[in-house]
Amino acid sequence: MCMTENRTFIRDFQPADARRVNEISVAAFGLLSHRYSDWSAMRDRIATTSRLATEMPMYVALYNGTVAGSVALTPPGGPRPDFFDSDCAVIRMLVVDPVFHGKGIGSALLDHCIETARLQNYGRIHLHTSTAMEVALPLYLRRGFVYLREAPPVMGLEYSLYELRL
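The opening position of the sequence shown corresponds to residue 1 in the UniProt record's numbering, with each subsequent residue numbered one higher.
FYI, nobody ran anything at the bench for these hints, they're computed from the structure.
Some hints could be false.
As the list claims (entries may be wrong) - Restraint ranges, calculated between C-beta atoms of paired labels, are given here:
no., residue 1, residue 2, range
1, Val99, Leu141, 19 to 29 Å
2, Asp38, Gly65, 31 to 41 Å
3, Arg43, Leu166, 30 to 40 Å
Here a beta-carbon is modelled for each residue, glycine too, at the ideal position from N, C-alpha and C.
Work the whole structure out from these sequences, hints included.
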């Protein structure tokens, strides 16, 4: 795992992280609760984000020892929604606790996924996001992700698919 300059340490998800990862997911997406047509259903769905760790690698970011964010990285051929290409890696559910925004945690998690994908020779990474995610989308674009196509909306919120070629 890796330590960044800003007191952020990225490590593999552990089962003891599940509750905290789920709480962070709800808090992070809760910032956009007014944008989803059915926030209650969306909250219920993301309140189980940690389940992804049973199907794919998941990483957590520790900031001064506290779990402050998480992300899953699906390898090519791994489980994913149908709108993603099957032959590329997919970044899933990159979330940061709003209390820790502005500390480089999202950047550290994204960079960890990109570096892992490079080391594994994955070739391409996909992710989907919304223009409503005003911090995440510019971060992805700065890292070289480019718009690929529209993705299905999520509970009334428009999403698009982005790709990074490694």
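Cross-check of the supplied hints:
At about 25 Å, the beta-carbon gap between Val99 and Leu141 stays in the expected band of 19 to 29 Å. Range check, Asp38 to Gly65: about 36 Å between beta-carbon atoms, so the 31 to 41 Å window is met. Range check, Arg43 to Leu166: Cβ separation about 34 Å, and the 30 to 40 Å hint holds.
The structure agrees with every numbered hint stated previously.
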